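Heads up: the sequence lines are chains A and B, in that order. Residue 169 in this note's numbering sits at position 169 of the first sequence, and the numbers go up by one each step. Count along the second sequence starting at 1, add 1000, and that's the number in this note's numbering.
Certain hints may be false.
Unchecked claim - In silico lysine-lysine, PhoX-like type, Cα no more than 25 Å apart, as pairs: (1) B/K1143 to A/K285; (2) B/K1199 to A/K56; (3) B/K1289 to A/K294; (4) B/K1009 to A/K143; (5) B/K1289 to A/K285; (6) B/K1285 to A/K289; (7) B/K1256 to A/K9; (8) B/K1143 to A/K143; (9) A/K285 to B/K1049; (10) B/K1056 to A/K56; (11) A/K84 to A/K256; (12) A/K49 to B/K1294; (13) B/K1285 to A/K285; (14) B/K1056 to A/K289; (15) B/K1285 to A/K56; (16) A/K56 to B/K1009; (17) A/K9 to A/K49; (18) B/K1302 to A/K49; (19) A/K256 to B/K1049; (20) B/K1049 to A/K56; (21) B/K1034 to A/K9; (22) B/K1034 to B/K1285.
Derived from the structure by calculation, the hints contain no laboratory data. Quick caveat: nothing in here was measured; it's all calculated off a predicted structure.
As a plain string of letters, each chain reads:
2 protein chains.
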Amino acid sequence: MIASRMIPKIRSGSAIRKMFEEGNRLKKIYGDDKVYDFSLGNPDLEPPKEVSDALKELADNPTPGMHGYMSNSGYESTRAAIAKKRGDEAGMEIDPGAVCMTVGAACAMNDVLHSLLDEGDEVIVLCPYFMEYNSYIENHGGKVVRVNTSDDFMPDIKAIEAAITDRTKAIIINSPNNPSGVVYPAELLSSLNDMLKSKDHVIHVISDEPYIDLVYDGMTVPPVLDYIDNLVICFSWSKSLSLPGERIGYTLVSPKNEDYEDLTQAIVYSHRTLGSVNAPAIWQKVVEKSLYAKVDVANYEKRRDLLYSNIVDAGFTAVKPNGALYIFMKTPDGLTDEEFQDICHDYNILLVPGKSFSGEGYCRLAFCVSETTIRNSREAFFAVGKKLGLN
Amino acid sequence: MIASRMIPKIRSGSAIRKMFEEGNRLKKIYGDDKVYDFSLGNPDLEPPKEVSDALKELADNPTPGMHGYMSNSGYESTRAAIAKKRGDEAGMEIDPGAVCMTVGAACAMNDVLHSLLDEGDEVIVLCPYFMEYNSYIENHGGKVVRVNTSDDFMPDIKAIEAAITDRTKAIIINSPNNPSGVVYPAELLSSLNDMLKSKDHVIHVISDEPYIDLVYDGMTVPPVLDYIDNLVICFSWSKSLSLPGERIGYTLVSPKNEDYEDLTQAIVYSHRTLGSVNAPAIWQKVVEKSLYAKVDVANYEKRRDLLYSNIVDAGFTAVKPNGALYIFMKTPDGLTDEEFQDICHDYNILLVPGKSFSGEGYCRLAFCVSETTIRNSREAFFAVGKKLGLN
């Protein structure tokens, strides 16, 4: 008697959530230090000092109206600071009106897709991808169109072009990528833009950027604003400032976007009526005061290195990720992802099969877990590798 | 090139928002104390001390993971505390699983409607009503069915019954009511329940309760859980604790709801995939610590009395509201709401015509403005009354 489309969703649940519960069950049996739960991308580092200082300052010095309504798009000063930062990075002028503060990136994506999609419009996603995109697209009448990436998980421009129809409204890109960890180079963004601009209708590029500050090996992420014209950015501080529970992010429409005027207004309207109304007031102020701070990225890099070594030293194969919080390892030949998952499970290693990202033949491991867990897991990886004749 | 359904929305904008901008324009010309802006329901009292103390305590004593993800439905301890409070009030046992913490009531309503509605399902609203309901319903494929209330703005059970079809999925009730300020008595809720239960399919009652703690004249709001069976509550602390900018509220499915199991799960799924993911972590903790606190209701009552006196003493007619933050005054005979609005505007009184609430023949005045503004407006009301021959 609830909505019929909800029935299969609540019956199946989220595979990742189920792993999370299984992890907790195993920990109760074997103890915390003997279960190697790499299933959940829950950033476990604490926010940087700038964040706790800013929060303390605001809480210790309450001012009238600080918890009141503001414009639906957020505080002008916060939006201006973000517009300046992103503009400086890309070497362009960005008006604060380009920015709408949101309840994290998931909210931002829903606001954008609600603004763009008519019933039956198509949105291209690049496999493997964060499967919640399916819901975000379908919530607003859109149709998910899956396009495979190349062997190194980079967008395949020809394959994308082949998937475009007159109903293609947008493509979602996600760099640094969940689950593969790859960072798209500037030339690739340029080629994507050229191809999209050659079409006879506007195709928006939605850049989902929760991991933009989590890059390693001295790499920098090319400013997407410089390379893509019909662009909308969906950003979140969940990972950059380790604030996933507080729900703060933004949308930013590129000044070069051909639908700039309509789209900026539509996003604010969607944001209001889809129920967020505005992003949490205090977190807007905190991020404004912490705009140039970052979580301890070197710590994540160290963990990536440790987990990557465990995997390859034990005889498995993986592309070393340059960003984000995941290693997308190859499932050993002759096994399905689920069979491999089951074997790992026998050794208390929890990972998520590629199916959960439309990326069969791989499994995802999140390295945002304690260094001790990663170190302790080394033996288990070797044991699995030995069982499979890989070491 | 954005979604075609968005075009008329962004062209028309929100009437209430436009009044807000007009208020700011007039204040610049005439000065803050000579513009009587009753257009916006923006609670202007500060949160009670319990809230600022709790926020300060949390900010001063950071604990690991306090800004991290929790279950999509929110902290177990917060949900348990709410379940206990609402259960105690209604004299029933409520499981924490009945509660999902949300990003305010607007988010809660979207989560619930997304969970309930199939394309073309009908939702009954009682005129006059908060017009954002239209968006919340249409966002998820629903159809708005308007039913008039009686002369004193109470639900008319026979009229509601006449509007029910086999596609009626829900009815939204809002007591204390925006814009009329009426509080529905227990017998009326009982009659509504009896009538709905006599139908051969489940019709959910969505109780939108942002004003439940704002009642005057020693009145109490009957616990809706006692009187309605197929009930979902959408609550917000925006008004009770004066935290509208922070976005914190909840849904609560009655244990008596025939769809309890499916609906509680569907709401959490909707909450996650519509983009909220979870309610802001720190505000969940703050409201848990401030659960029995309230904004200074006596202050609002005093302002209501002052504004009501201004209106009736100047010769106008209004039902004295027992709750919420608004007086819904009758438009004087012989004038349209817009004509009356224009005359008031000439005297720097800003109000919202009934059309914005599907309640023609009336205008809404919000009394959550400073006492000085209300006192200063008295002369202006008398001048308008005099012009219209009412005093």
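Violations among the numbered hints
1, 2, 3, 12, 16, 17, 18, 19, 21, 22
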